[in-house]
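**Q** Here's the letter readout for the chains.
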Amino acid sequence: MAHHTLGRALNRALRDAMSADPDVVVYGEDVGPLGGVFRVTDGLGAEFGEDRCFDSPLAESGIVGTAVGMAMYGRRPVVEMQFDAFAYPAFQQVVSHVAKMRNRTRGRVELPLVIRIPYGGGIGAVEHHGDSSEAYYAHTPGLRVVTPATVADGYSMLREAVESPDPVVFLEPKRRYWASEDLDLPVRTAPMDRAVVRRPGADLTVIAYGPTVDTALLAAESLAEEGREAEVVDLRSLSPFDDETVAASVRRTGRALVVHEAHGFGGFGGEVAARVSEQCFHYLEAPVLRVCGLDIPYPPPHLEEFHLPTVDRILDAVDRLQWESSWVPGADAGAGRPQAPRTEVSA
Amino acid sequence: MTTSDAPPVAAPPLPSLEPLRLIDDEGRRAADSARAGFELPDTDTLRALLGAMVVGRRFDAQAGALAKQGRLAVYPSSRGQEACQVGGALALAGQDWLFPTYRDSVALISRGVDPVEVLTLLRGDWHCGYDPKAYRCAPQCTPLATNASHAVGLTYAARRKGSDTAALVLMGDGATSEGDAHEAYNFAAVWNAPVVFLIQNNEWAISVPLHKQSAAPTLAHKAIGYGMRGYHVDGNDAAAVHAVVSRALAEARSGGGPALIEARTYRVEPHTNSDDPTRYRDDAEVERWRRRDPLARLEALLRSEGDLDDARSAEFASRAESLAESVRTRLAHEPHRSTDELFAHVYAEPTPALRRQRAGVREAAARAERGSEPNGGR
Chain A
1 MAHHTLGRAL NRALRDAMSA DPDVVVYGED VGPLGGVFRV TDGLGAEFGE
51 DRCFDSPLAE SGIVGTAVGM AMYGRRPVVE MQFDAFAYPA FQQVVSHVAK
101 MRNRTRGRVE LPLVIRIPYG GGIGAVEHHG DSSEAYYAHT PGLRVVTPAT
151 VADGYSMLRE AVESPDPVVF LEPKRRYWAS EDLDLPVRTA PMDRAVVRRP
201 GADLTVIAYG PTVDTALLAA ESLAEEGREA EVVDLRSLSP FDDETVAASV
251 RRTGRALVVH EAHGFGGFGG EVAARVSEQC FHYLEAPVLR VCGLDIPYPP
301 PHLEEFHLPT VDRILDAVDR LQWESSWVPG ADAGAGRPQA PRTEVSA
Chain B
1 MTTSDAPPVA APPLPSLEPL RLIDDEGRRA ADSARAGFEL PDTDTLRALL
51 GAMVVGRRFD AQAGALAKQG RLAVYPSSRG QEACQVGGAL ALAGQDWLFP
101 TYRDSVALIS RGVDPVEVLT LLRGDWHCGY DPKAYRCAPQ CTPLATNASH
151 AVGLTYAARR KGSDTAALVL MGDGATSEGD AHEAYNFAAV WNAPVVFLIQ
201 NNEWAISVPL HKQSAAPTLA HKAIGYGMRG YHVDGNDAAA VHAVVSRALA
251 EARSGGGPAL IEARTYRVEP HTNSDDPTRY RDDAEVERWR RRDPLARLEA
301 LLRSEGDLDD ARSAEFASRA ESLAESVRTR LAHEPHRSTD ELFAHVYAEP
351 TPALRRQRAG VREAAARAER GSEPNGGR
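These protein sequence lines are chains A and B, in that order. The letter at position 311 of the first sequence is residue 311 when you use full-length UniProt numbering, and the numbering goes up by one with no holes. The letter at position 67 of the second sequence is residue 67 when you use full-length UniProt numbering, and the numbering goes up by one with no holes.
Hint data in this document are derived by calculation from the structure and do not stem from the laboratory. Do not rely on the hints blindly, as some may be mistaken.
[To be verified] Pairs of lysine to aspartate or glutamate, DMTMM-like flavour, derived with a Cα cap of 20 Å:
1. K161/B x D23/A
2. K68/B x D125/B
3. K161/B x E110/A
4. K133/B x D23/A
5. K133/B x E117/B
6. K68/B x E334/B
7. K68/B x E269/B
8. K161/B x D51/A
9. K133/B x E110/A
10. K212/B x E285/B
11. K161/B x D312/A
12. K161/B x E50/A
13. K212/B x D282/B
[Claimed, not checked] Non-contacting residues of chain B with respect to chain A, defined by C-beta distances greater than 10 Å in every case (computed):
14. G37
15. L210
16. K212
17. S214
18. A216
19. E315
Even for Gly, the Cβ is constructed at its ideal location relative to N, Cα and C.
Kindly produce the complete structure, drawing on both the sequences and the hints.
**A** In structure tokens form, the structure reads like this:
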């Protein structure tokens, strides 16, 4: 087994994908000789030539728009948006064309392309380099939106994204680029549209993805020391959503907590909470809680620690999962659900 | 390693301020000074252009009538712009691609797309009715200028696969203000992509006149800043549009890079059937442009040179009439609706959540079907 970082595993995935399929092309800003600002495309131009990996003009809408055209002609473009917040100029292309082309053309034109976006904070970067933009994409039907949390998933999910007949927004948790694992590459993990249980536990379910999976696992270790067993579910795919795995876990544990870096308001955690409530209502012992970024523009790096979900914030939220008021349907009145006072609304 | 001390590239010549033309307003061969070195296409080509314009105008009138009858959800007319759409479409070779907007129905039927499939979008049956790959016509694009970069990527990919496919992008004057137009022009020039951008400058972006859109001497001048060739053409002269687009495509195909053509024309009809142009423009202006009719101009030339007789004219008219009749007949019945299709093409395979929604909608549709029966379906 060899030591691999997430960044190197993604690089290897691109290399192997390009070897496997001559139609795979990689381009974007600074992805050529520089190898990308995070070096994810390092060496690809030298190995496959400038026809297969090249620098484009600095214009994200043009990058994605040309990728649409290339995919229409049977190529498999993998384009890089340099940072989350720099991808916004391409939003029109992503929403109106990438996501809809198959649908608009009744399946006659499919767009097998991948848009790689480093996202999230935690690297001490200045503004516009730390956004968690996943909800914008996950809200758009026709896109697959996936995000790996482990080195093995980084490799496997990127290979699968390139092979997918559907367009994929591939969100790379940038602060995990340097996280490492010992493993052999190539590796194939679970299908990219399935969530996986990273750590089993009977008392509560912590639902996380991308950069917060590791935080959730650290919190689960602390909880174990307190005698509470948290099950950690790594969503991996935000869209489509793996209801089956998530609901099965919450039905076992009866409590659920969603953790993400993005602002809570209108965020992806709201969708998770709604789905869990719809599918697990009679199994829930407490409301589904969220640990999210604050409802503020991404803060300057000296303050980002207050914005990002931490182990402590997860532990605090776990404490609020109404452990004192467990109830069992049909049991004696004393153990029953407390009577909620009626709220009178004055005119 | 690349160097920054490469010799400067020779700038393409500035487009002329007067649009180049091969036929004047009265239907005579234009003076040499107006032709800028371009030759009138051969007689067969001129007759083909006129025939397609006659058919296109009849189709346009038919579609407008269907919109008034409520049989189309909306119809943006091509009337007055036939020379641009036909001249552009007929310049394409079989392997080339056309990237049209919603106003380019006449270009699409000139390219051979089934007229009923062209109207699928505007009838509200589905978003794109034709098979883009079969006709090598991209879906009609509504968010302006956003399909221009698709043409750049497509031709770039085609060239890498050994094909000499070129592309023609149709856009309007308003669309040149969009950032996506800028990005597409720049990508095309930097990549030396075989793309011709044909701007149908019809003076109006719904209600906004050109002078509020651009301060450029002509829209064709924009080409220069990107390092591509720019042409300023009379857009009501089908011969000129065809000649210039043909040359630009040939040059692009042989490695000469992209070109930007501004064709000066006019939107004679309202933006769509739901627009009210009396709020923003004078009838006198519209009348002036109606008199500069592109069909009359080409017909006058062909007749004066003895290349068009009444029999041929009647043949064009009869082809146009039978197309209109076929469109009427085929659109007379209520559209077939499939709720399953709502879910069929979102992903390659419907997701579990979409399968659940599909079942729900199927049930609702069946209930509605029963409800519309005399006994309520019971």
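**Q** For a C-alpha distance cap of 20 Å, please report whether K68/B and E269/B respect it.
**A** Status holds; Cα separation ~13 Å.
**Q** Run the distance test for K161/B versus D51/A: straight-line Cα separation, threshold 20 Å.
**A** holds (11 Å)
**Q** Are K212/B and E285/B close enough, with their CA atoms no more than 20 Å apart?
**A** holds (17 Å)
**Q** Run the distance test for K133/B versus E117/B: straight-line Cα separation, threshold 20 Å.
**A** Roughly 14 Å between the alpha carbons, so the hint for K133/B and E117/B holds.
**Q** Do the alpha carbons of K68/B and D125/B lie within 20 Å of each other, as the hint requires?
**A** holds (17 Å)
**Q** Quickly compare the C-alpha distance for K161/B and E50/A to 20 Å and report which way the hint goes.
**A** holds (15 Å)
**Q** Take the C-alpha atoms of K161/B and E110/A, compute the straight-line distance between them, and say whether it is at most 20 Å.
**A** OK: K161/B and E110/A at ~18 Å, within 20 Å.
**Q** Run the distance test for K161/B versus D23/A: straight-line Cα separation, threshold 20 Å.
**A** holds (9 Å)
**Q** Taking 20 Å as the top limit, are the C-alpha atoms of K68/B and E334/B close enough?
**A** With a Cα-Cα distance of about 16 Å, the restraint between K68/B and E334/B holds, given a limit of 20 Å.
**Q** Against the 20 Å threshold, does the CA-CA distance of K133/B and D23/A hold or violate the hint?
**A** holds (18 Å)
**Q** Are all beta-carbon distances from S214/B to chain A longer than 10 Å?
**A** holds (20 Å)
**Q** Regarding the pair K133/B and E110/A, is the alpha-carbon distance no greater than 20 Å?
**A** Since the Cα atoms of K133/B and E110/A sit roughly 11 Å apart, the hinted pair holds (cutoff 20 Å).
When held up to the earlier numbered hints, the structure conflicts with hint 11 and nothing else.
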